[in-house]
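Participant: Assemble chains B, C and D onto chain A, guided by the hints.
Okay, here's what each chain looks like letter by letter:
There are 4 protein chains.
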Amino acid sequence: MIITMKKEMPREEMGKMRAHFESLGLQVHEIPADEFYIFGLTGDTASLDESSIKASPWVEVVRRISVPYKLANRAFHPEDSLVQVADFKIGGQEKIVLMAGPCSVESEEQIIRIGTAVKECGASVLRGGAYKPRTSPYSFQGLGYEGILAMKKAKEKTGLPIISELMSSDKLEEFVENVDIIQIGARNMQNYDLLKAVGRTKKPILLKRALSATIEEWIMSAEYILSSGNPNVILCERGIRGFEKYTRNTMDLAVVPIIKQRTHLPIVIDPSHATGDWKLIEAVSLASIAAGADGLLIEAHDNPEKAWSDGAQSLKPEKLKELIPKAKLVAKAIGREL
Amino acid sequence: MIITMKKEMPREEMGKMRAHFESLGLQVHEIPADEFYIFGLTGDTASLDESSIKASPWVEVVRRISVPYKLANRAFHPEDSLVQVADFKIGGQEKIVLMAGPCSVESEEQIIRIGTAVKECGASVLRGGAYKPRTSPYSFQGLGYEGILAMKKAKEKTGLPIISELMSSDKLEEFVENVDIIQIGARNMQNYDLLKAVGRTKKPILLKRALSATIEEWIMSAEYILSSGNPNVILCERGIRGFEKYTRNTMDLAVVPIIKQRTHLPIVIDPSHATGDWKLIEAVSLASIAAGADGLLIEAHDNPEKAWSDGAQSLKPEKLKELIPKAKLVAKAIGREL
Amino acid sequence: MIITMKKEMPREEMGKMRAHFESLGLQVHEIPADEFYIFGLTGDTASLDESSIKASPWVEVVRRISVPYKLANRAFHPEDSLVQVADFKIGGQEKIVLMAGPCSVESEEQIIRIGTAVKECGASVLRGGAYKPRTSPYSFQGLGYEGILAMKKAKEKTGLPIISELMSSDKLEEFVENVDIIQIGARNMQNYDLLKAVGRTKKPILLKRALSATIEEWIMSAEYILSSGNPNVILCERGIRGFEKYTRNTMDLAVVPIIKQRTHLPIVIDPSHATGDWKLIEAVSLASIAAGADGLLIEAHDNPEKAWSDGAQSLKPEKLKELIPKAKLVAKAIGREL
Amino acid sequence: MIITMKKEMPREEMGKMRAHFESLGLQVHEIPADEFYIFGLTGDTASLDESSIKASPWVEVVRRISVPYKLANRAFHPEDSLVQVADFKIGGQEKIVLMAGPCSVESEEQIIRIGTAVKECGASVLRGGAYKPRTSPYSFQGLGYEGILAMKKAKEKTGLPIISELMSSDKLEEFVENVDIIQIGARNMQNYDLLKAVGRTKKPILLKRALSATIEEWIMSAEYILSSGNPNVILCERGIRGFEKYTRNTMDLAVVPIIKQRTHLPIVIDPSHATGDWKLIEAVSLASIAAGADGLLIEAHDNPEKAWSDGAQSLKPEKLKELIPKAKLVAKAIGREL
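Chains as they are written, first to last, in the working numbering: chain A, 1095 to 1432; chain B, 1095 to 1432; chain C, 1095 to 1432; chain D, 1095 to 1432.
So that you can see chain A by itself, here it is in the shape it has in the complex (with noise of 0.2 Å):
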């Protein structure tokens, strides 16, 4: 951690913090500049909290040069992280996975109907929300514990391990029980008590980024998770925040050679959420993959004018299953599989 001083710090001052940050075990070598006094603090940091050594008068600037995170870096855990879903792996140089299937479930009827169909496109596991985090308390809220029977139903019929978003830990037992991958929200990225929760489990648990995360930030969620217990993390993003008004998100797919060459764990992309329209999925399903990304979380809807939310970014299964041989392509002109 690196410290600036104000020249007119006294000397007095400045000893009373070197005693204190010695008395905490950390090195402080002092770097003698013109404009500024500057400690290089060594040693174990990451317990110090950078805002409380701000609030001195004399301090200008704390820079943190270590990454916060541990459990999630590459540099202490070179190999690729798998995660196992049913029977096959995500994550590495496995096979790239697709998930897809409708917003919300309408329906037994509808959920295995979709399934179906997305199954035939090539997708292996199937996506469907029952409990929904919805901006106006006037819309449709899910189906709940009924969509997640609806799920299982769904599950049976095709063989498709099944996805759906938990956004409360007083459900966790219900995930746990019928799920194969828990889905943690945009929104409720920073729940931490969620976080500890699903930690506490070795469920696969699939963490979207917030819609204005920073990638740190992001990485410090999934931090939570794998520091509670739980290795099984796959990282998925879905488009950030941002100015742009022909899109409903911003995706920077840049993130992708981020998180492979800074943690070691799996990265999925949600082009659905991403640009909130179904005529840009194609273009940006395929970047994702030339990108290096693991697996695609895609919605798809048999009729999405009439689907209960998210019709307009939903792929009919006729364009899921033009998109999959470009997507085959792209993949192995990259070296991997799909």
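The hints are simulated quantities; they were obtained by calculation from the structure and are not laboratory data. Among the hints, a few may not be true.
Copies of the same chain look alike in the list, so a pair counts if it works inside one copy or between any two.
[Claimed, not checked] Only pairs whose alpha carbons sit at most 20 Å apart, straight line, appear in this in silico SDA-like list of lysine to any residue:
#	residue 1	residue 2
1	K1189	N1324
2	K1410	I1147
3	K1296	D1181
4	K1265	D1287
5	K1101	K1164
6	K1339	N1167
Facilitator: The following block gives chains B, C and D in isolation, referenced to the frame of chain A:
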């Protein structure tokens, strides 16, 4: 709601769409235009899902004309809502309220000491964090229930009502019993289960704006609480995420007149989080009052350099003491009192 | 254009407003609604100033339905525009073009050396900055005319056409004479005098998107060039400003299909500025091609650690050489060539 | 400057890097750390290119400690700079200045009429746009020189000094001769050729912040003018681009104390562009004064519904008249005068 359709849309398709809307009890007005077909929908469009309409390949643009919030809407509730806390009210033309205290409760002794100090400065609510949402799992997570009990002691000693952040609905009872105002933090602004839970109480709820929430989304989160039965909502702006590096967050004070014009709810400003820098708190506090805010929520600590969190954005009581007379003068200049 | 007015608006005022619009040759369609009065205006609304309509105290919302660009609009110009450069074309289904070279021209020797190297890698345009827009007045500002002459020499030696950034219209003649593609930088995207000036030539213009321009504003800047008489516009995305700290900029590849769907102009991606980090360039380049980009603009330097600017985001020729065969495979996967 | 290098960096490579820095006259301080090697560079690092240092595959992080601006820096110039305009000064503890007038000059008669009205309200500078930067080439582009002459007439009639926006250096002479304050608009904040040109005059320059400029970039643009020889720079904040939809721009008033603490230059706020809505101007104006701004730049029009541009964010003179006494009271509350 205005729907624009491509000129190439077959009349038959358009007829079907019209019939669909009419079957939902809406009136459909067709506007002849050169480049598009346009439908103007009137009636109760609140339950319509825009996204599904946009899913049609013929639809170009879907625009909602009416605002989606009802209970918070000043148009339907012209008089200011006042929220009763202890023996005073917040909102309308009531006295501007000052809430102050440390980011984290560190001990019973500390919160009593700081509580006493901020009361002397003129604060009428004591803030203190017992459950802390921290970006890192390795940072101090708060004293928990012990912290709540310490705050209660501070309340007994100082007579100040207390505000603290609730992170999870399983602690709701603890908060209802012990705390005067329940704070919902920025990270949980769209934790809808939590909003519904506090909406089922009658406690005053201070709802912070999320880092990247639009003003409309923030009001919609208030709507969750209001529509669950609790009218005692206080909005709190604490800065949004932006690209600026010299401040922790970006705070647009235009939210104050916007909230006042669009809703009837009180609004409080948190200049500590908005700036992240105690040297900026005074200017932003005075500006907030001039803009019409109903209160200030300021982090205060008597030894910020030793604070367990947020030291850099905490005012020392002596600085708070300097701020208050200036704040009183600005309040008077705009015809209010602090 | 849709205009919503408060229900309390006096009929007389509404009559005056209607008469005003009709006097401008527009058709006014009134839509009866419960909460508002609504006007739908049709006819040529392009010259209407939305802001003045909103100035009325009775007006709530003003929404333009039709897009404001005409010449760039694919609806009125369905076939792809191709831009001729030297003996090849950019856009449509043409070969994907690779433009590469140093951020700054440092000497004649340097630009010839790097030009030769990037040509060997497969580049078909040589980039180089002679006039440099630098944040600091104390940074290297470019070699100026000397740099342009050095590029010309490099063109003679390598046979590659050259692209360089024009910052001010008083150098326009110099550029028209010597340069094959004139680049308008992000900072000058809304320097309308400069846009009009290059619009009066027939040179190919590469128009970079400004750091915080919406896609619509960017297209409108292209419209300035097109409407001044120059059809040879190539759009170039180089990342927008966001809150992320791990990258220099944020680049949403969804712009590629959006530009392709809404306009007929070619689009090129600059992964160097988009990421600011050479370690991310390969992944973003492959993703750009998969998304459908017509070209790449990559900073390349044979000694980036000694580069006078932008070293961190420059690829060494040997890295560029590794990238090309992968890029060719991805291009082939989507049915194009590079 | 702090440079962090990977532990795997060969000592030989590190030696070369150290020698390189020393050859530039810098002092290199090595800090032993567990996970990294760290260099602290002291001496004149202003000319160092961070990007090139980062280009090394061994370098992890490069952080500049000292701020890059010198002439604008309050540390080297502690007293406030005052800018003389006509017979008064702007900045420091001088009277807060009110600049008002229409977005566009529409005719000589109009600018004289509005100039007379705003003078009566208490304005001491008349604003008016003659050359207009418009997003669309099809919008009114301003009266040009005719507009400048009309403003000059208004100056003669009212005695008010005038401010107008310069878009291109080929009109510089026209502005130097006729205008009292030259405005550089947000879109040209990084048009460095234009900054250098106005820097070679001695005219007061009002430099607006660009839509997505950081505060540091904005100060660096001021530094261009200052380092070209013109000390008469007034900064003007007009809101930045954000994701909010209820306002045109987002304006963080924390910039006022930040500019005051970091530089010695005057700062003026433009609440018209910041909000885009005349109903928000009063609150934001009062807040700006409370925050410590040295002036306000407000768009005023006596018939905003017929204004040729920016009607929605223009105050009618009668509204301006209501605002002034309130503004005077707030100014007095913080110990200043308006």
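Participant: Each hint needs a verdict: does it hold in this structure or not?
Facilitator: Cross-check of the supplied hints:
| no. | hint | result |
| --- | --- | --- |
| 1 | K1189 - N1324 | neither (23 Å within a copy, 48 Å between copies) |
| 2 | K1410 - I1147 | between (55 Å within a copy, 15 Å between copies) |
| 3 | K1296 - D1181 | within (16 Å within a copy, 50 Å between copies) |
| 4 | K1265 - D1287 | both (13 Å within a copy, 11 Å between copies) |
| 5 | K1101 - K1164 | between (35 Å within a copy, 17 Å between copies) |
| 6 | K1339 - N1167 | between (35 Å within a copy, 17 Å between copies) |
The structure is inconsistent with hint 1 alone, although it conforms to all the rest.
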